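K.L.:
Here is what each chain is made of, one letter per residue.
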Amino acid sequence: MKALRNYLNKIKPAFEKEGKLHAFRSLFDGFETFLFVPNTTAKKGVHIHDAIDSKRIMSMVVIALMPALLFGMYNVGYQNAMASGLDASFTDMFIFGLLAVMPKVLVSYIVGLGIEFAWAQWKNEEIQEGYLVSGILIPLIVPVNLPLWMLAIAVAFAVIIGKEIFGGTGMNIFNPALLARAFLFFAYPQKMTGDQAWIADSPIFGFGGQVPDGFSGATPLSHLDSYAFNMDAVYGLIPGSIGETSVIAIAIGALILLCTGIASWKTMLSVFAGGILTALLFESLEMTPIHWYEHIVLGGFCFGAVFMATDPVTSCRTECGKWIYGFLIGAVAIVVRVMNPGFPEGMMLAILLMNMFAPTIDYFVVDRNISKRMKRGGTK
Amino acid sequence: MNLNPNGHFALVPDDFEGVVPKIVVREGDVVKAGDALFVNKLYPEVRFASPVSGKVTAVERGERRKVLCVKVEADAQQQYVDFGKKDVSKMDGKAVVDALLEAGLFGYIDQLPYAISTNPTVMPKAIFVSALRDKPLAGSFEFEVKGQEADFQTGLTALSKIAKTYLGVGVDSSLEGVKDVEVNVFKGKCPAGNVGVQVNNIDPVNKGEVVWTIGDPSVVLFIGRLLNTGKVDLRRTVALCGSEVKKPCYVDMLVGEELSTLLSNSYDADHSVRIINGNVLTGRVTTKEGFLGAHTSEITVIPEGDDNNEMLGWIMPRFNQFSVNRSYFSWLFGKKEYALDARVKGGERHMIMSGEYDKVLPMDIFGEYLIKAIIAGDIDKMEQLGIYEVAPEDFALAEFVDSSKLELQRIVREGLNNLRKENA
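The listed protein sequences correspond, in order, to chains A and B. Position 131 of the first sequence, counting from 1, maps to 131 under this note's numbering, and the rest follow consecutively. Position 230 of the second sequence, counting from 1, maps to 1230 under this note's numbering, and the rest follow consecutively.
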């Protein structure tokens, strides 16, 4: 450890201004703070600081996403084996899934972080950790058959247009990961919907089987009329975006986020409340063929509620606003699903829509405080 | 009084926020305790008294000739200006203010809005005194006031002649029985003792109103002693504390006294430490050669921590680190003692997490929105969101817990200064 520290101290001058490698300063900075907690001390203000920083927070979210990622890999292998009729062991299925999913994670991180590093260098800022989370969210919310080049374009779009032009992590209006998905959804709809997108169809390095042509592997949401609910939907053994299928894996992630206090339980709870109540309403009006709990379990509802709606930057920031924001996400998601046959999945659109309205909700909450203050000043 | 006869004393204008000093003594002048060393340039009637009698040895200046401090070398035999004993019960508000102005103590009283040393041109709607010292490692005021209850009562009575006076105390305080003021008991942890928090919860400041605040209750003792004895006596009890201090203790000191005697041999000098004039949340960095601040009730010594190279902090368990966030484990260990150092422990980011400030800001104010308005320089918004009700110290805990590591106290101070300029 000491040797490493000394080595970093030795090469540091090359990255400072006037140094030979100044063009890579942000990269060096990024790695240095990744390896060592910065030991700069407080110059102004409080002399002691809490040990929490944004690296720790983002790491916790990545950890919370691990169960969904790992299960997603297994499920990719499982779906392939089911569709191809291959008799594969658990390990084979997992390795197939790993081989199918890992390239997406790598592309997402390489493209996204590459842009982040370059941007930080250009703006002379520190690297922001926000993309550590987006970078893993994006592969988890796309179909397994999405070509890597499309993913790369979507990532670039999300990072540049979705985040950096607003000023980086903390300033963005829309959740970057969902923006990447929305970009793909509208730019390449044939790769994001239908019955060919969700099941990996050919072997990789000898793992997995060949899925016969014309095999239909549609998600339950897109053929609700003929769908019969079973517990596979809770375990996650159904076709769908890579990380969204398993309610159990997502629940483990939710537990981590809630225990560490990183995600707001208010937002999470109210998304479910909004979704359940709206689904019950449609059920009682006989407008939807499935039960309320199926609406919650199927598709990206849980994943969105746990990992997307709770993004602190793009959600409401006031405590009262969080209740409203979450409730409306749940409600709108079900409304989109039920009332618009063109969009079998409504979660993405619901969250992006509410991202847009979050500042407005906050505005009214804060405005109440302001008018209370004005009134107090006027009457005295 | 235990006074070091050869000691150097210094009065630091920066201890009186918002005061632009005009020096009224020259090097070599002989002063008595109570003579003015400098006055407020904008309100020359606000004088700042020398804590000791002796010879003015230096007026130290820094960049752009800013006055850093006025140094006085104390006489062996202390001489006091006699301002005359007064019978407080027969004084009116104006007489009290005049007495404080004359003796150079008036500037110790602060005000909201702007959280600055106040001036005598606008009378306050109320005066708030907080005797609840709840900042980290703070000395107990109940301990300090023991044996000086009469002076404390006199001080409070005098203040109550100026305007309705509120005294904030903690639970089970020996001060609950004081007269002439409204006593409020505050249950809860820091920052319940912040006078700004108390004002906000009892009688918030509206635009155009002025409230006088005394967040440092020793000032009430100064006032009481002046009226009871006719002398300026800036003696106070100071807690020597912090994880680096070998033997934490209370000491009696005078405002402006040199710290070197107190600090010699009190901590191990083999690694770098940070000496703080005040507590770890709101104090100023000082050195062994520094002087006791005008409002300082603690001298804190903590490790600087710049030689601490922790690896992979984003994932290691870090059991020895304190955090209010549950991604660390300090919440599992209950009340364990931690030796916090002065590291920031992270890079500055935009505001990412929401609700962090509100948990430690018990005021009817949206902290995040106020900070954003200040950063954006939006004066209307700042006013609407209640900037007149806050002092930088109210954001000290928020600054401690902030995962984005923003310098909130500096931001609030700049916002207040900006607004004061605009409204002038």
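For the record, the hints were derived by calculation from the structure and aren't laboratory data. Owing to the predicted nature of the structure, the values given are computational and were not obtained by experimental measurement. No residue lacks a Cβ here, since even glycine has one placed at the ideal position from N, Cα and C. Heads up, a few of these hints could be off.
[Claimed, not checked] Covered by chain A, according to a simulated footprint, are these stretches of chain B (three or more residues, beta-carbon under 8 Å):
1) 1063 to 1070
2) 1139 to 1146
3) 1271 to 1282
4) 1317 to 1328
5) 1360 to 1369
6) 1393 to 1404
[Claimed, not checked] In silico DSS-like cross-links for lysine-lysine, where the CA-CA straight-line distance does not exceed 27 Å:
7) B:Lys1288 to A:Lys375
8) B:Lys1336 to B:Lys1189
9) B:Lys1164 to A:Lys372
10) B:Lys1421 to A:Lys43
11) B:Lys1359 to A:Lys43
12) A:Lys372 to B:Lys1381
13) B:Lys1164 to A:Lys123
14) A:Lys43 to B:Lys1288
15) B:Lys1421 to A:Lys44
K.L.:
The structure should be examined with respect to each hint, and the outcome stated for every one.
P.N.:
Okay, the hints, checked on the actual structure:
no.: 1; hint: 1063 to 1070; verdict: violated (count 0)
no.: 2; hint: 1139 to 1146; verdict: violated (count 0)
no.: 3; hint: 1271 to 1282; verdict: holds (count 5)
no.: 4; hint: 1317 to 1328; verdict: holds (count 9)
no.: 5; hint: 1360 to 1369; verdict: holds (count 5)
no.: 6; hint: 1393 to 1404; verdict: holds (count 7)
no.: 7; hint: B:Lys1288 to A:Lys375; verdict: violated, 51 Å
no.: 8; hint: B:Lys1336 to B:Lys1189; verdict: holds, 17 Å
no.: 9; hint: B:Lys1164 to A:Lys372; verdict: holds, 24 Å
no.: 10; hint: B:Lys1421 to A:Lys43; verdict: holds, 25 Å
no.: 11; hint: B:Lys1359 to A:Lys43; verdict: holds, 25 Å
no.: 12; hint: A:Lys372 to B:Lys1381; verdict: holds, 14 Å
no.: 13; hint: B:Lys1164 to A:Lys123; verdict: violated, 54 Å
no.: 14; hint: A:Lys43 to B:Lys1288; verdict: holds, 18 Å
no.: 15; hint: B:Lys1421 to A:Lys44; verdict: holds, 22 Å
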